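Trainee: With the hints as constraints, model all of the structure from the sequences given.
Here the protein sequences line up with chains A and B, keeping their order.
Here the first sequence is numbered in the working numbering, starting from 855 and rising by one per residue.
Here the second sequence is numbered in the working numbering, starting from 855 and rising by one per residue.
Derived from the structure by calculation, the hints contain no laboratory data.
Be careful, since some hints might not be right.
Identical copies look the same in the list; a pair holds intra-copy or inter-copy alike.
Calculated pairs, SDA-like style, for lysine to any residue (alpha carbon to alpha carbon, straight line, at most 20 Å) [unchecked claim]:
| no. | residue 1 | residue 2 |
| --- | --- | --- |
| 1 | K1156 | K1186 |
| 2 | K1025 | E1099 |
| 3 | K1030 | P1014 |
| 4 | K1089 | T1060 |
| 5 | K954 | E1102 |
| 6 | K954 | I1031 |
| 7 | K1089 | G1033 |
| 8 | K1186 | L1021 |
| 9 | K933 | V958 |
Please read all numbers here as calculations on a predicted model, not as lab measurements.
Number of protein chains: 2
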Amino acid sequence: MRSMNLVDLWAQQACLVFNQTLSYKSFNGFMKIPLKNSKINPKLNKKRPFSPLTVSAIATTKEDERIEAAQTEEPFNFKIYVTEKAISVNKALDEAIIVKEPHVIHEAMRYSLLAGGKRVRPMLCLAACELVGGNQENAMAAACAVEMIHTMSLIHDDLPCMDNDDLRRGKPTNHKIYGEDVAVLAGDSLLAFAFEHIVNSTAGVTPSRIVGAVAELAKSIGTEGLVAGQVADIKCTGNASVSLETLEFIHVHKTAALLESSVVLGAILGGGTNVEVEKLRRFARCIGLLFQVVDDILDVTKSSEELGKTAGKDLVVDKTTYPKLLGLEKAKEFAAELNREAKQQLEGFDSRKAAPLIALADYIAYRDN
Amino acid sequence: MRSMNLVDLWAQQACLVFNQTLSYKSFNGFMKIPLKNSKINPKLNKKRPFSPLTVSAIATTKEDERIEAAQTEEPFNFKIYVTEKAISVNKALDEAIIVKEPHVIHEAMRYSLLAGGKRVRPMLCLAACELVGGNQENAMAAACAVEMIHTMSLIHDDLPCMDNDDLRRGKPTNHKIYGEDVAVLAGDSLLAFAFEHIVNSTAGVTPSRIVGAVAELAKSIGTEGLVAGQVADIKCTGNASVSLETLEFIHVHKTAALLESSVVLGAILGGGTNVEVEKLRRFARCIGLLFQVVDDILDVTKSSEELGKTAGKDLVVDKTTYPKLLGLEKAKEFAAELNREAKQQLEGFDSRKAAPLIALADYIAYRDN
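Mentor: See below:
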C-alpha cells in the first residue's frame, strides 16, 4: 500500500523552499503575490500583520492603519503562516484530548495525534475558512477533527493485518507501544471523537452548517473516501496491470478525499456560499491529485537519494505510476493542467486571503522531492 | 472479554415469553398495561391498530373511532410490536448500504449488518422517539445508525487481536470471510457512515436537534462509551480481584452507553423536551445496568444448560459478577431497585406509548435465561 502521509512532506519541505528564491513559472496571471522571501522580517511575527483575522478587522486606530499599510507593502510569508498555524493547531489538539480514565486509551490517542504531523489538513481547513470570510475559531474544531481522522487512518493502516509498519513519523507505531487491541480502539475513538469535537467545540457557526460539515467529513472517511481508497489499494498491491481509472480511484479516495474534506469543511464553517464551497472543492480535488502525479513524476526524474524513504518503499511495492501509464511528458502536462485548474478556482477571491492556498498549490507543483 | 450482544437475547426470548401468561410481580403501580397475550388477534396485524403513528393521528372518521375504541380495549402486543419494528429496521438497513465499487467493502459491511441481529437498539430509539411525540421517520436514520455502531463494535471486537472469535450470530465472523484488513475497514466505514446517515437521512428534524444527536452518538462510542468499556474490560480479563466500581465502569460503558444513546437519540429527534430526554436517559441507564445484574444473577441461579452459550463462555474468562461482589440477595435487591427506578422515569408519559419501553424493562428483570 502507498503511504498515506505523502502530502505531509510539503510542509516540512516548504519551510526550506520558501526561504529560497524560487525560479518557478506561473501558469496563471492571477498569481501575483511574490513567493520569494529570502529574509524574514522579525517584526512580522510579532505583529502578525498577515493574519486574516487582522485583515478582516475594521481599522479604527493609527496602529491599525499602519498594519494595513504594511499588509499592502509586504509579501505573503508562507513560512510564518505555516509556523503560526501549526502552533495553534497543536495547542488545540493537545487541549482536545486530555488523559483520564481509562488512561491507556487516551495516552494511545495522544501518542499518535501529537507525534509531530505537519498539520497539512488543518491548515487547509483554516485557510479555506479564512478565505471565505470566517475566522479561526469557526474552523479550529474541524481542523482538529480532520487531523484526528488522518491519524486514525494511519494507526489502522500501520496494523499488522494492514501494512504492518513498525515506524511512523520516526517513532514506533501505535500498536508497537500499546498493542494491537488498544491501537484498533484508539483509531475507533479518534474517529468518533472527531465528530464529537466538531459538534461540541465549533464556535460561532449555525447548526445547519455544522450538520453540513459532519456530512462532508463522514463521506470522506467511508466507502466514498479513505476506506474506499485503502480497499482498492489493498486489492491492487502486487498487480502490475492496474488501469489509469483504478489508479485515479485510489488516489482520489485515499489521498484527495480528506484533503477535499478539509478544505470544504473550512469553507462551510467559515460561512462560504454554495458557489464558494464548490469552487474550493474543485481546488482541493486538483491539488490532491496533483500531489500524486508530481510524486510519480519525481520518482522517475529524480534519483533515489533525492526522494523520501517512505515514497521509495511504496513504489517498490506497487510500480503503477502516471508516467508509466501516460508517458513522462503527458504526465507533466497533466500536472500542469491540474495546477492551472486549481488556481482558476481561486479567481474572484481576495488574493491576499487566497495566498496560503495558492502557495500550497505552487509548492506541490514545483517541489523537488 | 464479555460478549457485547447479551442484550440481543431479550428480543429473541421475548417473543416466547410474551406469548405466555407471566407470573411477575410488578414493583410499580404505574405498570397497568396487561402483558399477557395468549392468543394474537390476526386482525390486529392487518390494521396495525397499536402503531404509535396511528395512535397519534387525529381521528376524523368512523373507522378511526373504531380503531381508537380497539386501542382502549386491547392490550399492548409486544410480539407484534417487536416483529413490525424489526421488519422496518431491516428494510431501512438494507436500503442504507447498497453494493457498489469497491464491492468487497460494501459486501463486508452488509454481511455483518444484515446478519440477523435482534435490532434492540433501533427499537429503543424508535420507541423513545414515538414516546415523546415523534414519528418513525424522525428517528429511523438514527435507529439504523446505532445498529451500525453496534455492528462495528462487534466486528472489531471479534478480531484476532481482540477476542479472536470465529463465530458471531451463528455465522463466521467478518474477518474469517473478508480478512482482517477488510474487517478493520468495514468497522471504520460503518462507524463513519452512521454519522453520515443520521445527518443526510433524518427527516423532519431541525438541524440543532440533529447536531445534538450526533454529539450524543459520538460520546457513546469513544472514551466515554464503548471504547472505554472495552479497554477497561481488556485490562481486567483474568484478574479475579476486580472492584465493584470497575465492574460498573465496564458495564456502564460497554453495554449501557449505546443503549442510553439509542434511547436519547430517539427522544431528541422525536422532539422531546430537555426534561423528557433526561428522564429517558435515566431509564436507559437503569435498564442497561439491570441487564447485566440479572445476567450475573442467572449465572448463579440457573444451570449451565439454561444459560446462553456465549454468556457461559464469557463467565469462564472473567468470574467477577454482582452476586460475587454483593452476595446473591443484595444483587437481587439491586436489580429490583434498578427496575423500579427505570419505570419511575416513565411516569408522566402516555402509558400506551410507554408500553414498549415498560415491556422491555420487565422482560429484562424477569427473564429466565
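Trainee: Please go over all the hints and tell whether each is borne out by the structure.
Mentor: Status of each hint after checking the structure:
1. K1156 - K1186: within (14 Å within a copy, 74 Å between copies)
2. K1025 - E1099: neither (35 Å within a copy, 36 Å between copies)
3. K1030 - P1014: both (10 Å within a copy, 16 Å between copies)
4. K1089 - T1060: neither (41 Å within a copy, 41 Å between copies)
5. K954 - E1102: Cα proximity of K954 and E1102: across copies only (17 Å, versus 42 Å in one copy).
6. K954 - I1031: within (19 Å within a copy, 37 Å between copies)
7. K1089 - G1033: Answer is between: at 12 Å across copies they meet the 20 Å cutoff, but 26 Å inside does not.
8. K1186 - L1021: neither (32 Å within a copy, 51 Å between copies)
9. K933 - V958: For K933 and V958, the Cα distance exceeds 20 Å both inside one copy (36 Å) and across copies (43 Å).
Checked against the numbered hints given earlier, the structure breaks hints 2, 4, 8, 9 and satisfies all the rest.
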